[in-house]
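Novice: Once you have looked at the hints, place chains B and C on chain A.
Here is how the chains run, residue by residue.
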Amino acid sequence: MTSPPPVPETAVPSPPAPGLSRRRLLGHGMAAAGALLAAGPLSGCASPASASGASALSVWDLFQGGDGMLMDDMIRAVSSGTDGFEVDRTILDWGPSYYTKLAMSAAGGRASDVAVLHLSRLAGYAPGGLLDPFDLDLLAEFGVTRRDFTPAVWARTRHAGAVYAIPLDVHPFIVFYDKEAADKAGLLDSSGELAAMGSPEALLDAGKALADVTGASGILFGHVTDTAQSWRQFAALYAQTGAALTLPDGGPAEIDIDAAVRVVTFMQRLFDGTTNPRNLDYNGAMAGFLGGRGGMVMLGEWELPTLKKSGIPLGAAPFPQVFDKPAVYTDSHSFVLPHQHDPDPARRREAHRYVAAMVKQSLTWAKAGHIPAYQPVLAEPEYAALDPQSSYAGAAEVAVLDPPNWFAGAGSDFQNRMCQPLQSALLGNTSAEKAVRQMVREADALLRRPNPVA
Amino acid sequence: MSATATTVRPRRRPPRAATGSPMLLGHGRLSRVLAGTALAVLAAVWLLPLLWAIATSVQSEQDVASPGLSPFKGPLTAEAFRRILDRGNVTLWAFNSFLIAGLVTLITVTVSALAAYGFSRGTFRGRRALLAVTVAAIMVPPQLLVVPLFEQMLLFNLVDTYAAVILPQVVAPMMVFILKRFFDGIPRELEDAARLDGASEFRVFRSIVLPLSRPIVAAVAIFVFIGAWNNFMWPFIVTNDPDLMTLPVGLATVKDAFGIQYAQSMASALLAALPLIVVFLLFQRRIVDSVATTGLGGS
Amino acid sequence: MTTIAPLGTGRQAGPPGTRADGRRRTGHRGTRSTPGSGLLFVLPFLLVFALFMAWPLAQGLWMSLTDSSLALRDTAFVGFANYAEAFSDPDVWSSLGNTVFFTVVSSVPLVLIALVMALLVHSGLAGQWAWRLAFFAPYLLPVTVVTLIWTWLYQPDIGLANQLLGSFGVGPVGWLSDESVAMWSIAALTVWWTVGFNFLLYLAALQSLPSTYDEAAALDGAGAWRRLWSITLPQLRRTTFLVAMLQVLASLKVFDQIYILTKGGPNGSTRPVLEYVYDVGFTGYRLGYASAVSYLFFALVIVVSLVQLRLFRQED
Chain A
4 MTSPPPVPET
14 AVPSPPAPGL
24 SRRRLLGHGM
34 AAAGALLAAG
44 PLSGCASPAS
54 ASGASALSVW
64 DLFQGGDGML
74 MDDMIRAVSS
84 GTDGFEVDRT
94 ILDWGPSYYT
104 KLAMSAAGGR
114 ASDVAVLHLS
124 RLAGYAPGGL
134 LDPFDLDLLA
144 EFGVTRRDFT
154 PAVWARTRHA
164 GAVYAIPLDV
174 HPFIVFYDKE
184 AADKAGLLDS
194 SGELAAMGSP
204 EALLDAGKAL
214 ADVTGASGIL
224 FGHVTDTAQS
234 WRQFAALYAQ
244 TGAALTLPDG
254 GPAEIDIDAA
264 VRVVTFMQRL
274 FDGTTNPRNL
284 DYNGAMAGFL
294 GGRGGMVMLG
304 EWELPTLKKS
314 GIPLGAAPFP
324 QVFDKPAVYT
334 DSHSFVLPHQ
344 HDPDPARRRE
354 AHRYVAAMVK
364 QSLTWAKAGH
374 IPAYQPVLAE
384 PEYAALDPQS
394 SYAGAAEVAV
404 LDPPNWFAGA
414 GSDFQNRMCQ
424 PLQSALLGNT
434 SAEKAVRQMV
444 READALLRRP
454 NPVA
Chain B
47 MSATATTVRP
57 RRRPPRAATG
67 SPMLLGHGRL
77 SRVLAGTALA
87 VLAAVWLLPL
97 LWAIATSVQS
107 EQDVASPGLS
117 PFKGPLTAEA
127 FRRILDRGNV
137 TLWAFNSFLI
147 AGLVTLITVT
157 VSALAAYGFS
167 RGTFRGRRAL
177 LAVTVAAIMV
187 PPQLLVVPLF
197 EQMLLFNLVD
207 TYAAVILPQV
217 VAPMMVFILK
227 RFFDGIPREL
237 EDAARLDGAS
247 EFRVFRSIVL
257 PLSRPIVAAV
267 AIFVFIGAWN
277 NFMWPFIVTN
287 DPDLMTLPVG
297 LATVKDAFGI
307 QYAQSMASAL
317 LAALPLIVVF
327 LLFQRRIVDS
337 VATTGLGGS
Chain C
27 MTTIAPLGTG
37 RQAGPPGTRA
47 DGRRRTGHRG
57 TRSTPGSGLL
67 FVLPFLLVFA
77 LFMAWPLAQG
87 LWMSLTDSSL
97 ALRDTAFVGF
107 ANYAEAFSDP
117 DVWSSLGNTV
127 FFTVVSSVPL
137 VLIALVMALL
147 VHSGLAGQWA
157 WRLAFFAPYL
167 LPVTVVTLIW
177 TWLYQPDIGL
187 ANQLLGSFGV
197 GPVGWLSDES
207 VAMWSIAALT
217 VWWTVGFNFL
227 LYLAALQSLP
237 STYDEAAALD
247 GAGAWRRLWS
257 ITLPQLRRTT
267 FLVAMLQVLA
277 SLKVFDQIYI
287 LTKGGPNGST
297 RPVLEYVYDV
307 GFTGYRLGYA
317 SAVSYLFFAL
327 VIVVSLVQLR
337 LFRQED
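From first to last, the protein sequence lines are chains A, B and C. Take the first sequence: its letter number 443 is residue 446 in our numbering, and every next letter is one higher. Take the second sequence: its letter number 68 is residue 114 in our numbering, and every next letter is one higher. Take the third sequence: its letter number 146 is residue 172 in our numbering, and every next letter is one higher.
If you're looking for bench data, these hints aren't it; they were derived computationally from the structure. Among the hints, a few may not be true.
Unchecked claim - Derived list of chain C stretches under chain A, where covered just means 3 residues or more per stretch with a C-beta under 8 Å from a C-beta of chain A:
id, segment
1, 94-102
2, 196-210
3, 279-291
4, 325-331
Idealized CB from N, CA, C, for every residue including glycine.
Only chain A is shown next, with the shape it has when bound in the complex (with noise of 0.2 Å):
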């Protein structure tokens, strides 16, 4: 039992590339079980990441759809060359799952050096210790500074004075469109992107024209068990009527219950089962699109790469403005340095270093979908070459972000409380007005718990 074991191939989620290293991850291991044969249960305080002595950094993210395969590229670009790094890069399940795992292993003190925030998180774990605040000047001396990034993003980056997240984009919730069947469908302006909507009865008719010419069905969505998609689409659309959305710790939440139930009720009306499914989970929205059942899907854009390969000739255009004002539900992907009780000074130097490097990759990134939160990528040319990303570009401009609360945000219990009466509506289990009684009450009940990070 206390030989080493054989060391299995490979132990990183992606497809091997080079310059990753997992040995390190193995080592965590072994030092482990050795501490433990050796001198029982109480010696496996020696961390195991200290112990094993590697360099690579550890990275976590949630990334698993396309744009999974470009952080795969980004890690490979900034692992080249003499000074490239040596990245272990861990994929978790996207959401509660991945923020939980992450402030357990923050508290546990053993976390990765670097890992993906949404900045709509913040909020729920730089107050409590789970984060450690970096170093801007040692990010200047890596070339990135706070002039780098627009002031309302790095507004968002802040906490009791210190920064706690690098924002490497901002990521709207869009539609994507087939060119084909949407020019079939009179849907195009003149310069063949998506017309503008402008009020609910477009969209419907927009559906319908989609559904008569694919024959199948028109707008996809998946919402089905999915925790985020529905509160996406009310958020967008909930912003477009004007009203307002806040939530007060100790509650109650500031939502105007008449425009919640005017957008669940649109909602209703647009997946009503016939013209545009009603029942689909996410992962049948995709496939019903890449099979050409349907003539439009509502996704995050970042699930561009993977439509992109499928041959379909996409379009794209920022989530369509139906209501009295624009506005596109969005969040950012930020690096975030998760909490370690002793932390190594040359791994953090490294850590800095990585991400600096990271956000200076985001042209890479742009084409995942994402709109790079690096203000010089965006002066580049390329980047303006990328099509269809130019479409939504706008998207930026008319963000909307969930508002800042230790519970809220991208992957939060907040957002799948608001989700399932959300699905239950949309499933014509329920009605729009008890849908959106139920979205105040679980909001208000959130709101009620003491915070356990304050």
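Specialist: Just chains B and C now, with coordinates in the frame of chain A:
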């Protein structure tokens, strides 16, 4: 793997006891046919999910994604398995599962057998009270303890170590109880003779009681191993580092295919299912006995 | 301390076996052993028991009286505030309700189908080995394998279940997305997964039944059905009680498959109390509150155990 299972013969046929009493059905032809049909239908229903998973795993993702009831919609391919094996996660997690389940079994059986012998033969003060506490502890669901155990692991700084996965799993009052009851039934004469010859208690335990208890120890070991192999909640809670995860935890936590790919998902499920199914095919009789003897707490 | 009372007479409420054991009275005397002997054998167990059972039990109780958080900050004593909150938290009640509902809809078929399977296999048809494999194999699958396979079967668009229904012109059913269906879907998966365990218990019981009554009845001309109802099933009473008790306790502890499949959704309709513990404790950071909910769950388990024990005693 069930497809191959039906063609693989067990090394030994189960003894006659396994074939039930034909009396139960009487001699009527009709009742035999009815029973046979019912059994066949049940078995088909029970095997269908596995067979469907196998069929899915040997096709291309595109074929799998197209609708239709035919199990095979295109040419067969081992692509999904190749990709999963190339990635290596399943292999690593299988290794972790073996290591963790193996160590849990080893420690649990050792600790429990020793304790059972102490409870059965010992005369120390407080023996009955401790036994009573042990028996009462059978009622404590391990799931109750996950929150304080995690807090404890934070305190010991053991989160994300094998030790944290293994140690809380080795407390098995039920197994102590089962083993003690078995030891109680072993006649004393043999041991007394050895003791008269000056053998130490440990020697008596090792060379007389343990060899006589081999079947029950094996049953307990198998039971503990299956339990540890399939344990999900605690390992899931205490490991965040994917390289320390067991098969069920890794498969549920780490996502390594970009976008859902059902052929790959079925391939990884089948690969993860394989080890214990193979073990079952090899040790069918023992495993069945183990469940039968330990399943009801030895009663 | 030289004379030792018969073993296993622990008086407190233990599992079913305790009593049976106490009654057997295989009484022996620890004669030649020195006083205090045997403690060393028990010591390793006592150590792990104290560390990983007694400690967390006490720690959990303490934590339930604090606002202990996963986030790194100081903990304060809050008295019974967590319990008060839990009693008025609708999610606690709905998750306890879901747990009980799951226990009922899973336990009944898990006992009945296991019994039917065992009776059929015991009837002596050829292929014993294959039947046992078919019914027991799923039990050996790790939970994630089971959920991966069933996620695929339940896939709303191209999954087998809906395609089969579709070929009869029915559906599609939102197996995991429809609030009124999801828990049944999970129960079905659970029956498929774990029935083999109960099946083996029944099979072992059947094989150990004395055949004399059955043969005598057969000689008297009693038909197969008659003998099943009047002889075999009554003989299985005790086994059925034990299997049902264990099953109920196992079902109350449901977490794994539900967490992986639905995360408690849709709309919290499948969330069992243990998942609520995980959700509020780890995802929501509130370890203190989660401990309080854990102890409410423990209370449920103890009440159910005591009721069962009482029924069992009456039956005996």
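Novice: Can you name, in rising order, the numbers of the hints this structure does not satisfy?
Specialist: Result: hint 4 breaks, nothing else.
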